[in-house]
Structures are given as C-alpha cells and as structure tokens.
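There are 4 protein chains.
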Amino acid sequence: MTALENRPTTVDFDSPEHQARLADLYRDFEAVGMTPLWRTREGLMPPHPQPKAVPHLWRWDDLYALAARSGDLVPVGRGGERRAIGLGNPGLPGDPYATPTLWAAIQYLNPREDAPEHRHSQSAFRFVLEGEGVWTVVDGDPVAMRRGDLLLTPGWHFHGHQNVSDTPMAWLDGLDVPLVAAVDQGFFEFGPDEVRDKRTPDRSNSERLWGGPGLTPVAAVGARPQSPLMAYRWVHTDAALTAQLELAAEGVEGTLVEPGHAAIRFSNPTTGGDALTTMRTEMHRLTAGTRTRRSRTSASSVWQVFTGGGTVTMDGEVRTLGHGDVVAVPAWTEFSLQAEDGLDLFTFSDAPVFEKLSLLRTQVTEGDDA
Amino acid sequence: MTALENRPTTVDFDSPEHQARLADLYRDFEAVGMTPLWRTREGLMPPHPQPKAVPHLWRWDDLYALAARSGDLVPVGRGGERRAIGLGNPGLPGDPYATPTLWAAIQYLNPREDAPEHRHSQSAFRFVLEGEGVWTVVDGDPVAMRRGDLLLTPGWHFHGHQNVSDTPMAWLDGLDVPLVAAVDQGFFEFGPDEVRDKRTPDRSNSERLWGGPGLTPVAAVGARPQSPLMAYRWVHTDAALTAQLELAAEGVEGTLVEPGHAAIRFSNPTTGGDALTTMRTEMHRLTAGTRTRRSRTSASSVWQVFTGGGTVTMDGEVRTLGHGDVVAVPAWTEFSLQAEDGLDLFTFSDAPVFEKLSLLRTQVTEGDDA
Amino acid sequence: MTALENRPTTVDFDSPEHQARLADLYRDFEAVGMTPLWRTREGLMPPHPQPKAVPHLWRWDDLYALAARSGDLVPVGRGGERRAIGLGNPGLPGDPYATPTLWAAIQYLNPREDAPEHRHSQSAFRFVLEGEGVWTVVDGDPVAMRRGDLLLTPGWHFHGHQNVSDTPMAWLDGLDVPLVAAVDQGFFEFGPDEVRDKRTPDRSNSERLWGGPGLTPVAAVGARPQSPLMAYRWVHTDAALTAQLELAAEGVEGTLVEPGHAAIRFSNPTTGGDALTTMRTEMHRLTAGTRTRRSRTSASSVWQVFTGGGTVTMDGEVRTLGHGDVVAVPAWTEFSLQAEDGLDLFTFSDAPVFEKLSLLRTQVTEGDDA
Amino acid sequence: MTALENRPTTVDFDSPEHQARLADLYRDFEAVGMTPLWRTREGLMPPHPQPKAVPHLWRWDDLYALAARSGDLVPVGRGGERRAIGLGNPGLPGDPYATPTLWAAIQYLNPREDAPEHRHSQSAFRFVLEGEGVWTVVDGDPVAMRRGDLLLTPGWHFHGHQNVSDTPMAWLDGLDVPLVAAVDQGFFEFGPDEVRDKRTPDRSNSERLWGGPGLTPVAAVGARPQSPLMAYRWVHTDAALTAQLELAAEGVEGTLVEPGHAAIRFSNPTTGGDALTTMRTEMHRLTAGTRTRRSRTSASSVWQVFTGGGTVTMDGEVRTLGHGDVVAVPAWTEFSLQAEDGLDLFTFSDAPVFEKLSLLRTQVTEGDDA
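Chains as they are written, first to last, in my numbering: chain F, -13 to 356; chain G, -13 to 356; chain A, -13 to 356; chain L, -13 to 356.
Don't read these hints as lab results, they were simulated from the structure. Glycine residues also receive a C-beta, built at the ideal position from the N, C-alpha and C atoms. Each hint should be verified, as a subset may be incorrect.
[Stated by the list, open to error] Now the stretches of chain L that chain A is said to cover, found in silico as 3 or more residues with beta-carbon under 8 Å:
#1 70 to 81
#2 139 to 152
#3 205 to 211
#4 256 to 268
[To be verified] So, partial list: chain A residues that the calculated Cβ filter (under 10 Å) puts toward chain G:
#5 Asp(-2)
#6 Phe(-1)
#7 Pro2
#8 Leu23
#9 Trp89
#10 Gln93
#11 His106
#12 Phe144
#13 Leu165
#14 Arg185
#15 Arg189
#16 Ser344
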C-alpha cells in the first residue's frame, strides 16, 4: 500500500506521464465496468432535480382525432390488449412516458367493443372527460364510466372494458408504468377474453359496499393499501368542490388550498391516505380569474382540463388551456395555473411514492422574481 | 435480613402464636395502607372478566315517559347543562353508568328550548330513534338531528343544542363518562349560554366538507384522531345495510358478518378507524328469523333497537326486544340476538380502547352447550 | 306530549306542589335506575381532573421491614401466588392501588424460594432497587434480576420467579391491575407450580435475540404491541443518562429534558413506542441542585428513588426523598423534583393509555404562582 | 365520430391500402409523441420482472487494486467530492449502477486524507470490510469506521470523511443514487471543505444517545423516518448472529431464517423499521455447509462477502465467493447461497421501497426444478 506522505509532493498531475497512467486506469476501470464518481458526480447528483422530461402540453383535439383514426384501423384484442395510446414526453424520446414515473394515455373503445381482461402489478385509473356507455369490470365488478368520474384499477386486479353503447368512448388512462418499469416490479397476467360480468349496473358492488361516507362494512374492517372503492363519481366531486368555495365565502376557514382554489383528493376510505399507493389523484377548481401561487415540487404530475379554460405557466412559459388538454409537469418545474372564467382540472402525480420515502419537497416560489 | 433456612422447619403455621404474629403484621400493613396480594389476588385477578355490571334491559316506553315528565318539571340551563337522564346499571349502584366505561342517557328537549354550550374531554354522540327539529351546534357548526342519524361530538368540541320545532325531541346520548371518570381524565369548560349559530341548515359544514365518499379536502389532508364528519345520515346507513344483504344474495362473498346479519361501522374518514377514539359505533341489521352466533367479548356495549323486534339472550337469559329498548352488555357476557320480522339495532362499545391496548378478546361460543 | 309553550308561564318552581311532583319524579327515576345529569354533572364532569387519589409517599424502610416480616410469616404458593404487598393510596381506601390505574407493590422472596408460574392479561414489570439472585422466568426464558434493572412481563406471558441465592430479595412490582379491573379486562391462568426452566444464565434469550442496539432478527421482523426485550440492564441505562449529561455539557443540543435533567424511556424495539402498551417506564437523573419545572399532567404516575436524595413538591407540599422511597402522583397534581447531591429515579405512569385515546394533557405551571 | 357498425365488415386488414393508412397513423402518432400500447405492451408490461441488469460478481482483489491505483493518481477534493468508484452492472451499460436502484462503490482514502463535506437527498451507508482509521463526520458528529461496522448517512445529512491513520482505507459505499436519479429526486449541497469536527472519539454522539438497547432519550421521543443511530458495530452484529445460532441449537424456535442461516436487519430504533427509508441493510451468517432455499424477490440487492467462502447460484449459474467479493442480484433472479466453512455476508436491497408501495413479491422456488 502506498502512503500519501510517501508520494513525492513534486508530482506533476498535468505531466504527460501522469496523464498516461490516468488513461490506463480509466481504461482498466472500464474493463471491469467501474465508473469513478469524480467524473460523473455532477450529473448523478445535481443540486436539484434536473429532469430530462420537459414541460409539455397536448391538445385534446389532436389526441382525440388520432385515437378515433386508430378506432377505424386497429382492432382491440388479446396481446395488444387495449386501444390506448401513450403520451410521450419529448424529453424522454423512445419512451411513451409523460414523466419518468407516470403513464398517461388516451384509450378509445368503439361502439359494442370489448377490451379483454388482464391484471398487472401496475396500478391504473381512468378519468372520464366526456361520454359514457362503457363499463370497466374490476375483479368481476362492472363499474360504469361516466363524465367526470374517476375509476380505479389498483394493482393486480383483473379488469376489462366493454362498450355497450352505440357511440365510441375515449378517456384518460393513468398508470405507474414508467415507475414500475424503471424499478423492475412488473407482473402481468392474462384473464378471460371477454369481461366476466356483462351486466351494466348503475352502481358497482364496490360503491354499494364502500360508497357511504364514513361507513365501513364490519365484515371488511381493516386497513388496505389500495382503496376498495373503485369509482369516485362526479356528482360527489363537484359537490365537494362547490361546498369548499361556498364555505370559504361564508367565512369558514381552512377549506381552500388558497383563495379561489378548491381541491379534493381521492382517498382510500380504509386509511384516509391516497386511493392508490403509487399515484395521487386530485380534482382542482379555480374560480374565474384565480391565479395559483407559483410553486415547485419534486413530484412530477399530469393535469387534464375538465371544464373551462385559462393558462398554465411552467418555468416561465405560458400556454393556454382548453377543454381536455393534457399537461405534463416534470419534477421541480415552477408551475402555476390561471383561470379565465373558471377552470376544473383533474391531476395525478407520483407524490405518494416520495412522501413514503421521505424524499418529497415542495417550495412556494411566489416571492421569487418570475 | 432473615434467611429462610434459618426458619425452624418446625414452624406451626396454625399455632395461635403464629396467627397472632400474622394479625400483627396485617394490622401494621393496614396502618401504612398496604394490602397483601395473597389475600386479594382472586378478586383482583379473576380467571376472566367478572363485571359487577349486569346484563340489563330498559324499556323505551319507561325511559321516554320519565324523560317527558322531567320536561314538564325541570328547566334546562347553565350548571345542570342538559336534561339528560343516565341509565344506571343495577350492578353498579350509585353510579349512573350503563357499563363501567359507557354512559347512556336519554336526553329530552322541549319545543323551542335550548341547551347551553360547553365542551369536555369526554367524547359524545347522539343517536336519534325518532323525531327531528333539533340542531346540535358543534364548534359553531349547526348539525341537524333526524331519525336514524348518528351525530358526533368528539372530545373538547364546544356544543349546544336547540330545538326549533313545536314538538319535544328525545334521543340517546352516549359518552365515555365512566371511563374518563375512572381514570381521571375529565376536563370541562362552559361556553356561551346560547348556541352560537342559530341557523338550521339541512347539511352541516362538516358534511359539506367531509361527506363525499372517499373525498378529502386537500386543504385539510392528514390523519386526525377523531372524525371530522359530525353526522352519519340514516339514508346512507340504511342503503349500506341494504346493499350488504343484497350483495350477499347476489353471491358476493365477504359482505356480511354472518348469514342474515349486515353491519356497518361509523368510521373516521381521515384514518379509516373508529369515528371516536374511545367508543365504537355501529348499526346492525338482522333479517327476519336470523339468530346471531353466541359470543363473548371483553368489550362492554350498549344496544338500542331502532326498528323491528326480536329477542336478546345474555348469559342464557332471553328477553324480548321492542322499539327503542336499550340493553347493557357487560364484558364477557355471552350474547346473541334473534330477529323476529327484521331487526335494526344501533350499538356502541368500548372496544377501541382495548384494541389499542392489546387487551381486547373475543370468543365465539356457538360450539358450547347453550 | 307536552309542548313548552303550553306550560303556564306562571309555574312556581319553588312551590310545595312542584317540589312534590319533582320528588315523585326522582323516586321514579331511582326505581328504574336512572340518574339525572343535572344533579350529578359537576361531580361527573369536573373542570379538570379531581382525583380521589392523593399525593402520597411511602418510606422504603417501612416497606422493606414489613415485607421482610411477611417473609417470616407467610409462605409463597399456589393461590396467593406472590408475596407481594400492594401500596394503597390513602385517597382510595379499600383498594390496594397506588393510583386509579397503577398497582405498585413490594415483592419479597426468601432465599431458595420460588413463586409459581401464572399468566394474566395485566402487564407487569419489576424494578430492582437493590440485591440480586432472583431469576424471573418469562415464557420459559430465565431473566436475571439485578440492581437497577427493569424486567418486563407483558400481558399474557407466563412467569414465575426463583431465588437461587442465600439472601432474600425484594423489588418493586408495577402493574396495570387497577386499570384492567376498572374496565373488566382481566384474564388469569395458572401455570406450573415450579418455574419451567431452572437455569440461571447471565443473559436471557430475549436479550440475546433483541439486545443489540438497532438489530432486528430477520426471522422475527414486524411490529409487536409489547416489547420482546424482557430486560433493560442498569449498565445501559446508566450509560445513556451519563451520556445525555455529558453531551449537553459538550454543547450538543436536544439531549436533556431540561437543564440538569436527563431521562430515558424504556421502549419497544419493534415500534419505538413504549415497552408496554398500558404503562410508560422511564429512568430520570437530576444533577446536584437541579430543580425540575413545575408541571401537571393528566397521567398518574409512581416514582421510586433509586439513588441519591432530594425533595418532591406536590401541589405545594414538600417532602424529602431518600433511597427507595416511593411516591404516588395522581393526575393533575402539580409536581416537581429537586435533587440534593444528585438523584436517580425510576418512574412509571399510565400516559400511553391516554396518548392512544387523545386524552393526555400536560401543562407546565412554572410561570404560575406556586 | 365513427361507429363500429358502420365499418364495412369486409375490411381487409392486410390490404396494402389498410397498411398504408396504418403507416400514416403511426407517423402522425410519432409527430405528436404518441405511442400505441398495442405495439409496446409486451415490453412495457412483462409477465414478471425482466431486468436489463444481469446477475454479476466483482472480485474484491480487482476492485481493491484499481481503487489503490486511483489513490496514487487522483486527488480527492471539491467537485469530484469522493474517490469512489461505482460498480456498473454489465446489463446497464453507460450507467455506474449495480442494479436499477442501487449504487455500490468502493471508496478509497489515502493516509491523512480528507473528503470534503456535502449533503444530498440520496441516502448512503458505508460497510467496512477491513481496516480502520477513518472517521465519517455526520452532521458534525465524528463516527469511527472499523471492520464489520455499518455506518449510516441518511438523506440530507452533511458528511465528510477523514483518515487520521498512516494507512489507506477502503470500504463499500451503498446509495440509492440510481433510484433517486430515475425519479428526479436529487438535491445536493456543498458543505465545508474540511470536516467540521476533527475529533476521533471511540463512540459517536449518536451511539451515546441512541446506542442503548431499547433506550430512547425522553428529549427526543418520536418516530423519525430514518435512524438516528449512525453506527451499527460489528461487536453487536456478531453477537446477535452468534446468539441466533446458539439459541436455535438450544431448541429455541423462530430465531433463524432457515436451518443454519442467521440474519439481522439494521433497523431504526424510533420505528423498528428499516434504518433507511430506501434501502434495507442486513447481515447474514451461514454455518458450514448450509445452503439457503432458492428464491426470487422483486427487490434487487447487492451482497458482499465479509468472511468465509462458498458459492452463489443465480438463475442456475454457480459462482465461487471469496473475501470481499461483491454480487449484484437483479429483481426476480433465482438466488441461493452455499457456505463452505462458514460464510458471513452483508447485503442491501431496495425492498423497503416496494414494501411501502405494496409491490414487493417473494417466491421460494425450492420445489421447482433448478
């Protein structure tokens, strides 16, 4: 072994001789697959998140038109499984990922068409911008999909979809596919080719059992990691947002995120935590003219305009928002929303993952210069 | 110090001399307030719970008639605070306690009458057998009280009641008064003489904020020990019980406590646990002819018939059950219910206390000889 | 039903006629075991805890002398189970309880004497003021008892004691007997008449498995309500208290409860919470001259002087403290300690019960006038 | 919109015309960054984890020799920060990652050399195969590094290293760098160029405060996400492993993972959970001749031989194991170990991440044909 004090202090690190020895070392490193931290540290350990993903906006009209064209050209069936088209972040070329952890897709089902059953460790939800007529069958429980609803498919639940109507239907699919892929946690299994229960009830079994506010079936008491409630209906979501704003107007404190900004989180009634373990799902409402605080969070998120219009500002760049538009917000992007006449947005993010790992950070940047 | 081996093995423990020394010792113990375990162990540490409280049943007609008489004779006001009459278990003479941990009372409010505001560390709820017209105002939030509803007043929330109708109203009050008294945790504070908000809204603020199934206000995210939802409405409770039975009839598994026996637990949406920290509250429904398993639990409970009739069997003694009747079930009482044409019962117990302390035990005794 | 507005406003509540009707009512209440809140509210719901238990101090010399006398006169055996003498609070006559929830007793075992095995739902610990030579056998695991050690017997663990030495040994037993009795949670079962393992190892199995700091056996991973570690040795307790004071002297912040006051809590390594579910156990050390803040808590506690001397002040009354003295502190007693030349005290309380029920309150009263 | 029933059933999906329209569609998808699931599903959602990372083994002699050469050629200083050389999995070319979530590196410090202070959201630990003389200073607390010790640097704690001896020292660094990079959670900040406390105590402050088994400082009570104990000493680890095997030999059940296989998990004394939020750290000991069950887990892991030798079998391929050798085990690799004369191994994995997300799966494959 070589003691430092024995090293001649006259070593000339810039000498050609030294450089040659160094080159040898790096070559030998490479041969055994070793990488010196001192040559990569800055990239590996940035001062704050520097995502490859970029802020991005997709227009609903574009998404829908393309999905409809695929409805004409591509059948749904075993193997491909779904007529779902993933939104690829331009900063992540080659990967159909909205952010490094989140998959967002538009799924399109023709009239009288079925998507076969399967299950996977990835968790999923559907958010319905418009339309109805499709039932998603989750572990044998047919769940109606209607405008404004959030429908869950927690990990490892069998699910298929059937359109019983005479019109096509499209919706937003959200999954943790990129996260699960990045960390090698994917399991997948085929189910029946046809959904196992063709009934089309107004309320799913899960709603009948778990849909009473604060009511737990005694037979099913106990914490579960994922929500047993598979549908969060728009009528309730809308009422809750309306109530928050009304209560604030009546002088009740602590009901709003900030003035003019109501929001609800879809949660797991058995724990009070997020409905899914890997994704946070929320609905936000901004009153006319409201502009949210500028802030950053280390979570990445996707937003979809449900109703109304306005603008989104991401790292200083302003984009207009219209019906159905989808926005990807990478980690640590400075973000704010502004409503024109009123703006309802659905959003999902990977925040619960980082909350559980004590990694989540959030920073209000309002005070900074924009 | 005295070593055992020095004691003459010829000691005669029954000798008058020994008995005299023993009497001296016991007298000296008493002088300093000491009690030998060997003389009290059996009483202190029974093989299983041997409550002083006894199984007991109060007839609603008796309770209501007496409450109504007090409505004529006793005003409600500051100091006495409430026209509430506690049900005293015959096994606990002198104490107005239904069981060693649970207070059950009938409260009666005359037309246009108010009960002044106060708060206490004891948690409380009201269960409404019949009638309407009263609002309980909880921390400034007026909560309508109507037939079949469960209304909460978690510990240290200010609350008062006002009857805005032209008829008297009576209901069941449940509190953890005996538990809190036994362990010296009582704090009490007077509030305004009149309820601070005289409005009579159909839905309380707490319901507007927290009453959406699985919907959490983002501004109020986080676990709370007690439920933020102050009212559990009969319409939801009834629907949930109906659904459990229907689903079971449709072949869905795991929805019932046992065949013919549906039950919901009122829970805290921020945790999924019991709505109150010290009391479990549930609603049970037995279909016509259903007889529950005989079982014992170390929790004590109180039951009130909401609708229907049948019988209760406690430690082998059968009693008929009719509308409004109240039953006290001490710890480790063998207990079962039988429905005649159908039977809905509200119940509360101290089970959450013992669950948290790892003391709760339950035993199905079906297999035993009845 | 009687409507208030129909009551003649001219009713004279003080009239003999009214008083007679009221007396009738109260008699009828009594007949069915009902108690009006308005006549008992003040006693049932005090403004703050008003325990019947009183602050009390027992001298170790008295306790030990009496225990030793019982060693001569009373055998240990099946039925009586233990030569343990409970300290009865003068405010709770008839009950051998130090506080309404805590049992404190001196247990005395003659040389070569055994106490038979049993188990109970009540949790227990032993704290050893002085001496050694006894092994407590917990679920078959012999645990040495030595000066300064805390030994656990969580609920429903079989346990017996054997003295293998030629000298008697006495120690402090702490249990939740009064709490468990008050709420009817007692279960008890006899075990073998002799301890099942007569070995006298230096370290118990539980210490060998669980005694490494931060080391969890992979085969036994998972939260348990009670600690799996049955012995907390004085050598570690002493070192931790010494370190807290040294670190504070070195300028490290956050190591002391207050200046001159070190304290450790005996905890459950599988959760980080209290070692027992119903009792908090701690060791405190005050440096010479240190006087603690005056404070009240709704928990009740028992303290025993381990080494040193000083004074305790309870609700303004000052008592001197010497070796082995035991103090009962009821809920909401204003309490402070003052050390003469240094003072080590063991303490246990019912605080975890009330923490879990969201009932615990603590108030520093330093600023108040004493 | 196009209704399915209007589509001519005579469509020929294989016709050149259809193929052309499809090509158009795919081109248009690409233009807006959309990817059809049906063309990527199999890759995105495999039937079980199909990691790009491969099972791999690095020889300690190779690692050490290269690290020592870099000790001669490369100074440690601000910017590069550490003379740490990351082990790159051959299946993940270009990334210096042992698995998709875990970073493993050999760090080398010359005699009398310092590594400057910094902090980062990534959590880290050091495991010491051999040598001593270095202190890692964690948030101002100098922690000695010695053979067999595990030293923690939880996320966002400042840390630097100093070698006060006359010999170089090398050790294994483990971090969650790949996970944090994949999900954009990296924050980094420089600290002082020299470690802020040059003292070289035998025990760190964290050990003095938190190193007593089951002893919690009252001043610091409460759950923390990461362990406050910065050093887990070999003397304790070794004793715990020895005890598990001895106890099993004495007939105590439940102490071993499987016959001949002892293991401890380094845990957070404030919660009983893993010492770090993102990485599980354990020490395993196999007695001579012991062969572990074959199993797979969806967690990925890295193992380092501490003492002894044997073989590792990964997906059927057998490799010999010697002193200091490092093994990377991707998710779902069938894995088993066999000891020759006895084998001690340190291991770390990403299991806690997936446990928290309800994604972790484990499968014993013993019964399968190898």
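Cross-check of the supplied hints:
no. : hint       : result
1   : 70 to 81   : violated (count 0)
2   : 139 to 152 : violated (count 0)
3   : 205 to 211 : holds (count 4)
4   : 256 to 268 : holds (count 5)
5   : Asp(-2)    : 12 Å, violated
6   : Phe(-1)    : 7 Å, holds
7   : Pro2       : 14 Å, violated
8   : Leu23      : 4 Å, holds
9   : Trp89      : 8 Å, holds
10  : Gln93      : 8 Å, holds
11  : His106     : 5 Å, holds
12  : Phe144     : 14 Å, violated
13  : Leu165     : 7 Å, holds
14  : Arg185     : 21 Å, violated
15  : Arg189     : 26 Å, violated
16  : Ser344     : 4 Å, holds
Violated hints, listed in ascending order, are 1, 2, 5, 7, 12, 14 and 15; each of the other numbered hints is respected by the structure.
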